[in-house]
Every structure is written in C-alpha cells, then in structure tokens.
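Novice: Residue numbers (this note's numbering), protein chains in the order written: chain Z, 39 to 462; chain Y, -14 to 648.
Derived from the structure by calculation, the hints contain no laboratory data.
Keep in mind that a hint or two might mislead.
As the list claims (entries may be wrong) - As a list, the in silico DSS-like pairs of lysine-lysine whose alpha-carbon atoms are at most 27 Å apart:
1. Y/K282 <-> Y/K384
2. Z/K90 <-> Y/K199
3. Y/K199 <-> Z/K332
4. Z/K332 <-> Y/K91
5. Z/K332 <-> Y/K384
6. Y/K157 <-> Y/K175
7. Y/K175 <-> Y/K91
Claimed, not checked - Listed below are several chain Z residues computed to face chain Y (Cβ distance under 8 Å; list not exhaustive):
8. G329
9. L376
10. L378
No residue lacks a Cβ here, since even glycine has one placed at the ideal position from N, Cα and C.
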Amino acid sequence: MSNPQRSFFFNVDWLTVFIYLALCTIGVLSIHSAVFDPKNPSIVDMDTNYGKQFIFVIISVVLGIFILLLESRFLSALAPTIYTVTTLLLLLVLIIGRNVGGNQAWISLPGGIRLQPAEFAKYATCLLLARYLSGTNIKVTEIKSFAIAAAIIFFPMLLILLQPDAGSTLVFSSLLFVLYREGLSPYFLILEGLFITLFVLTLKLNNMPLIIGVIIALTLVIVLLFKRNRKIITTVLLGAAILISFAFSVKFLYTSVLKPHQKTRIDIVLGITNDLRGKGYNVNQSKIAIGSGKLWGKGYMQGTQTKYSFVPEQSTDFIFCTVGEEFGFAGSVVVLGLYLLLVLRIIYIAERQRSPFSRIYAYGVGSVIFFHVVINIGMTIGIVPSIGIPLPLISYGGSSLLSFTLMIFTLIKLDSNRMGMIYA
Amino acid sequence: MNQFFERRYVIGGIFIALTLILLGRLFYIQIIDDRYLLYANKNVIRQFIKYPARGPILDRNGRTLVKNELVYDISVIPKQVKPFDTLEFCKLIGINKTEFDKLFLKAIKYSPNLSSSFEKQLSPQLYASLQERMSEFQGFSVEEHPIRSYPDSVAAQFLGGIGEVNDATIAKYGGYYRLGDYIGTSGVEKAYETVLRGQRGVQNKMVDSRGIPKGSYANGAYDTVAISGERLTSSLDITLQKLGEKLMQNKVGSIVAIEPSTGEILAFVSSPGYDPNLLVGHDRGTNYHLLATNPYKPFLVRPIQANYPPGSSFKPLSALIALQEGIITPQTTYNCPGYYMSGNRQVKCTHVHGIVNLSGAVAGSCNGYFSMVFQKLIDKNGPKLTDTTFNDWRNNVAKFGLGSRIGVDLPAERAGYLPKAALYDKMYKGPRWRASTVLSLAIGQGELGATPLQLANIECTIANHGFYYTPHLIKGIGTKNIIKPEYLIKHDVGIDYQYFEPVIDGMQAVVENGTAIQSKIPGIIMCGKTGTAQNPHGENHSIFVAFAPRENPKIAIAVIVENSGEGAHWAAPIASFIVEKYLTGSISPRESGITPEHFIEANRLPEITTYSGNKAKTAKADSIKKLKLDSIRKKGLIKSASNKNKKDIPIKYLAAIKPKDDE
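Let's have the full structure, built from the sequences with the hints guiding it.
Specialist: What follows is the structure in structure tokens.
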C-alpha cells in the first residue's frame, strides 16, 4: 500500500498536527504577554523570551517536517544510539554542566545556546523502551523482561536525580502506564494510587497508629469477606504489608531524606504550613493570578499579576498563570481540553498501529505529555507540590519544545506509515 | 492489537479523571472563590492621596494673612542615580558632603528601587537654581509641597498652626486622618479645620511586585480630584493688628478690639507674640521648643485665656445694674471722704471726691460711690436674703458675658470667673456673709476674673446700649462669605436704653477730664474707663476699656498691660492709638504729648521671677534675655522659617517673641 511517490504528508494525522500548532501558538502568545514590556514593543526581539521562543517554534516546525522525511525504519533502528547519546550527555552535564537555580542541568553550547539533556532523555527512553518491549518473546509479566524494561527507565532517572532535578526524574515514572498497557499487573497501578493516598495521609494526619490501624482493619474486613478465596487473601495481606512499610518509609523519607526546600513545598500543598511571604509565595501568587481570571479573564496582556511580575518564573514553569489570568476559566478549559484531546488522540493512534513498537512508543509519548500537564497545572493551582517541569509546547524553553516536537512528530511519522511494513 | 487492548480504556479513563480533577479545582478557584480577585487587586492597586490646598485666610479688607507657599522636597531613587558632580549638587541644595553621604545611605537603606525623601522643604529661590540643572542629576526628583506662609508675620496666636496628626487624633476622628496628614492644632486653623482642609482626592495606580507605580488603574475611572479648602475672611484689620502688636512689644498683655454693631473682632493681640513663620518649614521643631520654654509663655492666647480682675473698668457695669434695679438714679450722690465705711470695714478711695453723682463717680472712679451702690443693691431685700439677692446680681452680670465662655470661634477659650453665693457660703461656712463681706466685687476686685475678650464685649454692650453680638474672628466662609448663624444672634443684657446715657456721660468724662485725660484723641469722643487690677504676684495690671466715637460707635476695645500699674499710664494711651488709627487711619499729635513711639519702645516685661516662680532668679528680665540671646546666637538655633539658603544671617532671639518692625 505504501507508495514512496506519494506526498510526505500522506497519512499524516492532521488533528495531532493541528493541536501541536495550536499549543505552540498559545505558548508564544502567552510568553509574549508575560514578558511584554511597553517600552520595547517590537514583535520579534531576540533579546526577549518571546522572540526566542518564536524562533524555537520555527526551528521545531522545520525539525518536524524533517522527521516526516525520514524513513520510519530509521527511527526504530536509531533508538539505542539516541539513548546512548542522551545518556552520555546526561553524564557530561554532571561534569561540565551549568548550574542554574541549584540544578546542574544545562550544557552551554557556542552561540549562547543552552541544551538541557534531561528533556531529550525522555524521548530517548520512550524510543528504547518501545524498541525493547516490541522485541519478540518479550513480556513484561516475565520478571527478566520487566527488570530490563525497568532498568531502561531507571538509568536516566538516576542520572537526572544526580543533577538534582527531581521534577524531570519523576516524569519517567509516568512510563508505568506503558508497562501497564503492555501487560504489567494492574496491582502496580493500584499500588501507585494507594501510595500517593498514603503519602498524603501520612504527612497530613501525622498519626501513624491511626493509619496503620485503618490499614489492618480494612485488611481484616477483606479477609473475612473473601475467606474462601486464598488468592485474594494472599494479595491483600501482601498489599497490606507493603502499604504499612511504605507508610513508615514515607515518614523516614520525609524526616531524613528530603531536603528542607522539598519538605516545605510538600507542606505547602498539603496545607501543613502557610508561608505566603516566603516559600509559599510563588504558589500563592500563581493561585491569585489564575483565580482572579474569573470566567473570561482580564483580557490579553491585561493580567496584572503577570504584567507586574507578581508571579515568578512566569514564562517557564508558571506560564499557565498567564492563560488562567488573561483568559479565565474559559481559557483554562480550552488549554486543558487541547491537552486531553491530544493524549486521547495519541492513545487512539497507538491502538491503530500494527507495529508494537509504534504502539508502545505512542503510549510513552502520551504518558510523558500527560504527566507534564497534570504536574505543571496542578502545581500552579496548588494541588501538587512545586516541581519545576515545563508545560509541554507552551512553556518557554528550546530544549523542552524541541524534545516534545521530536516525540510528537516521530509519532506522526510512525503513524503515517501504520499501513506499511512492520520494522520491528 | 493484543490481549491488553481493553486497558486503553483504563488509561484513557485515568487521563480523563485527572483532567476533570484539574478542571474542578480550576472551576473552584476561578469561578466560585472570589478571594483571588480581591488579592490580585490588593497586590496591584495602590491608592495615592492627592492633597488639597488648605484654604487661605484673609483680613477684613481682603489682605492675605495666611497663604500656601510651595516648598520643594527632593526625592531619590538610588538605583537610578548616575555618576554626577556631588559637590556641585550639595552646593545647589545647601548641604555639605557629609550630610549628603548620610542622606544617600539612608535612602539606599530604605530601598534601592523606591523613591525616598532626600532633602525637604527647599525654598523657591534654591529650587530655581537647581531646576535648570536637574537633568544632570539622574535619579533625583523634585516634588512640590505646600506649607503655610504668613506674609505679614502677624496674629500668630489668632491664626494658630497646623501639625502632623498623632495616633490619638487619628482615633478621635474615626479614620478620616492618616499618618502624615496635617490638622489645625490651634487658633483659627483648629476652629475651622473642617472648612480649611478641603477634600482629599484619591488616585488609583497600579504597582508592580516591587511597589513601583506603573500607571493608572482603569484609566482613572475610580479616581477623585482633590478639592481645595475654603477661603476664610477674618474680621481682623491687618493694619490695626500690626500696630497693636508693635505697641505691645516687650510687654505682657492683650488688646482686643471689636466692632460693636457686628461683634467682629478687629484686633486680637496677645503679647508676647511670635512670628508664625517660625513654626512652619525646616526648623519648626527647634523654634517650637524655644517658644514653648519661653518664660513669658507666648503660646498662651491671652485675650481668651488670661483672667484678670477687671478692677475699676467694672464700675460702669455695676452702675448699669443698679440703675436697672432701681437702687439708684443718675442723680444719686455720695459724699466721698476718701473712703467708704461698711459697718466697721473701710474701703479706701483714690481721692477725696466730695459730693459725686453717678457720672461723676464713673469719671472719678470713686470706690466709695460704687461700694455704697453695691451694698444697697445686695441689701435691698434685707440681710437674710443676701444669698438670693446676690445670685440675682450675679445673673445680671452674667448676661454681659462674664463668668462663661462667650463663644468666640477659637478653641480653648476660658470662662473667666464670676462667683455664685454658694462659693461664699462655703468660704464662710454657711450664709454668714453680707454685702460688706464681698464689697470688693463692687470695684471689680475679689473673686472676679474676666478675659480681655469679655471686657471688650462689655464695652460693645455699653456702646450698643444694651445688646451684643457674640464676638467672632471669621466673618465669611468661602467665596460666598457665609457667616455662622450663631454670630447673627443679638444678645440682650436686660438693661433699658435710657440707663446707658448717664453711665456713658461718665465714661466720656473719664477721657475728657478724668483719669484718662492723657489719652484724649483730638476730634474724637472716646468713652472709656481705666482700671488698675490688683495683682497678688507683682505690680498691678494696667487696664483700659473704651468705645468710640460716642455717637454711632465703631470700635470697642480692651487693653491690658500686665504689671504696669495704673490703667491711665499704659493701657489707655495704647487703646487711644488703636482707636484713632482705626477711625481715622492715622495718629495725630496729642495735647498731652504722648507718642506711639514712646510706647512701642517701652519695655514693660516683668521680672522673670514673676513667671517662673523661681526666687533664685532675681535678675531683671532684660539681662536674662540678653544672656539667652547670646547663647542662642552662638548655637545658631533660631533659623528663619523657610529660607534655608539664608541660614547664616543671625536672627535676633526677639524675632521669636515680637512682631517685625516693618511698618
């Protein structure tokens, strides 16, 4: 069916492309609003974040088209190489990296360009994970395959954690969805959900006997209800043991491992402390910006919180404030809607692939994007601790934009070839 | 497609669920919770107050007594300062390099980004030379700031002053005033504060996170403009006031002159006075302290706050009440042997007057005559009813405005003192006192105290033949010259018209050929009465009350010169100059040869011990003054009000307590 003579754009999923372009446009406009200086109102000024982002978008679109020109086979074959290169870069950044804001995450290149290898590591990991799991006789339910898949994910995580960039590290945990889709036991997802609940409860209630007591009571109830079913009893007992040990390790982690600033961030989200002038200032101002947008917002470039620099990091991590403040709840719905549409479309695309590589890769991309969105927006409205990760395609930052472009356009390329040969 | 195909719904479901959680939270903070919009506005909107110009005060002929003068405050934003010629800048604003460094450091400490005050209240002259070169001094800016200015340096205690509000004032006025606001603290400035202050305007500006203003909010839709305070037209005659202050310099006392037909106060001299310009501007604090510690108490508003026994000036009033009560007729006589015997008590008289009738007794100030009248009056219902009869007399006196606040439009007026029978009941342990016991009241001594304003008001009443208008200082508020309604009410004192003539005859004789003959004004019939108030602390106070001309009186006056002996010697001549100046515009040579210059130059300041009560200090006031003057000159403590550039010119200490000799 494939015909090399056909247009490069044959079978391209235009909906995805449209969402991509829409989000990039919203990004450029939001950054423009965030950094706009009435004294210097030029449209493209390479000195402003806005001007730079505009250039990044153009480069990204060119890169996207370039990817569409590649052979699909090429992308799959290149996976180990790309993974190796990004791993090397992650090592390099630990040695020669530039330290910005406590994170040694940037490599300075000639011409004032700064590269953030962690952003590209997400792309590389998605590719390699897809490549590995799509291999014949690889099943995540088997302990060996699972261990290798986990290692592919954990290795870059470890290197990024050394920077230390906690936000980017956590992004990789979203790849659990990929493993789940490929057959990993749902208990892992359930357990993850329970972990998060328990994590919050442990810190919020700060009452270990109560929590342990509740876990034991619930376990007993389930055991009594399903007396006959030994499998369930075993599972529940195991789960209870894991949960109890988790609760204790959270306590330990919180009191002994986490750094004070990380503790404070968690405390603020959980409402344990309320330091609006100090550590809680950013999130509080961000909430004020978004909350003051009401239904329709204050209008483009009329946001007082962003215009008069009450919101920090407003073109990068807190870019969503501009959307929320200037376009209100309506704008928030549109942006969140676009992201949801994008990730659901990616799942749809994934499921129409004949090639497991393409499917697994697509799930990886969808999970990473969605994780970014939930964590970033959740942070700006104060339901997730401040973790510095960008809002995909909207936040200012070349590395991030290029990385997401690579992810999405690689997917589009693979998808456009879905009727063709299965390469891997 | 594989066996886990259905798991896409689980993953998709989780994605949708998480998105809905985010949307729910967004819905809550953006739609339901209104606090965030309030917080955002609180963050960004700052109210900047626009201060209205305080109303000016004019004299009765439209000459300015108080106006607003602009001074210039320099502010600096340290971060915006570019290198400049520091020495030249210092020279221009009149400070030295050390001061400059200190001020600049203070500004940086306050905030490098925000504007902070650098040097305050530069005179317009200094500003003029600075303005041309402001462009050289980036980061510095100049703001205008109005202060009170007194072109003729007169009527300080009358006009009063303004000062920054304190916490108590802010609490008292329920939040109208804010820290840093000014409020009238004394005199007219205080009495007419609500009229003079005008209405503040508010400008809503948006500020960034560092508090730097970035523009107006909602294009000024919620801004209000400042409305200037109302103009006040006072009843004061600036020429008369200046003459009065000059005549009273180096003396302690008061002059109050009133227009009888309206109650408008024409002159209001409280001596020692001071130059009101000393209490504004840069050196206010230093000057205030010097004045506040001055032993002659220049801050005491003597015309309304000092009490004097009226002495003989009370006699016309005594006579009027007796006439009205039918105790005497104008023809009633008394054969004065030089004293009056009440029982075995002897009241001394100044002379042996022989047979005198009412007019003669007033003209000759016969103590005997008035003691007789008083005794007759109090005893008219028999000795048993002394109490009630006395109270009737007292109430008749009170109708003239004695013993209670007259209600002049100035704060802190004193009531004077007019006793009730109860006082004597207490003093003599029951109603065991008689007319003879309180006989000294007949001649204005004893338990009697009147403010100079009350004394002048009695003269108004006599001039008007039986009524007065409450004396007041402000005859018109605003451009429409609105007058307070209470000043249009005629107060009747309950004495019939015909009883005034014989008393006035006597008062005319006082000046024509009586005690005050020295003060006779050529061509003008002045009716007056001298008084010499006994003063337990030192020499008697010299008192003179009068009105003129006799027909259709234009001015009523009370003059008190403390510790200067007889009324005829000091108070009466001073009063006559004021009266003549007001009626004719000039002062003509007198038959008696007295000249205003003599009185202007005379020094009647009492010894300092009289005031401080410190017996160790027996030196004459002059020498103490001289000592003080020397020490102050050395320290350069007294500085001129707003002319900082003239700070080297020595200003005499007395500038603080005497008006300028510039007429």
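Novice: Now, for every hint given, state plainly whether the structure supports it.
Specialist: Status of each hint after checking the structure:
no.	hint	verdict
1	Y/K282 <-> Y/K384	violated (31 Å)
2	Z/K90 <-> Y/K199	holds (26 Å)
3	Y/K199 <-> Z/K332	holds (23 Å)
4	Z/K332 <-> Y/K91	violated (43 Å)
5	Z/K332 <-> Y/K384	violated (71 Å)
6	Y/K157 <-> Y/K175	holds (14 Å)
7	Y/K175 <-> Y/K91	violated (35 Å)
8	G329	holds (3 Å)
9	L376	violated (11 Å)
10	L378	holds (5 Å)
Checked against the numbered hints above, the structure breaks hints 1, 4, 5, 7, 9 and satisfies the rest.
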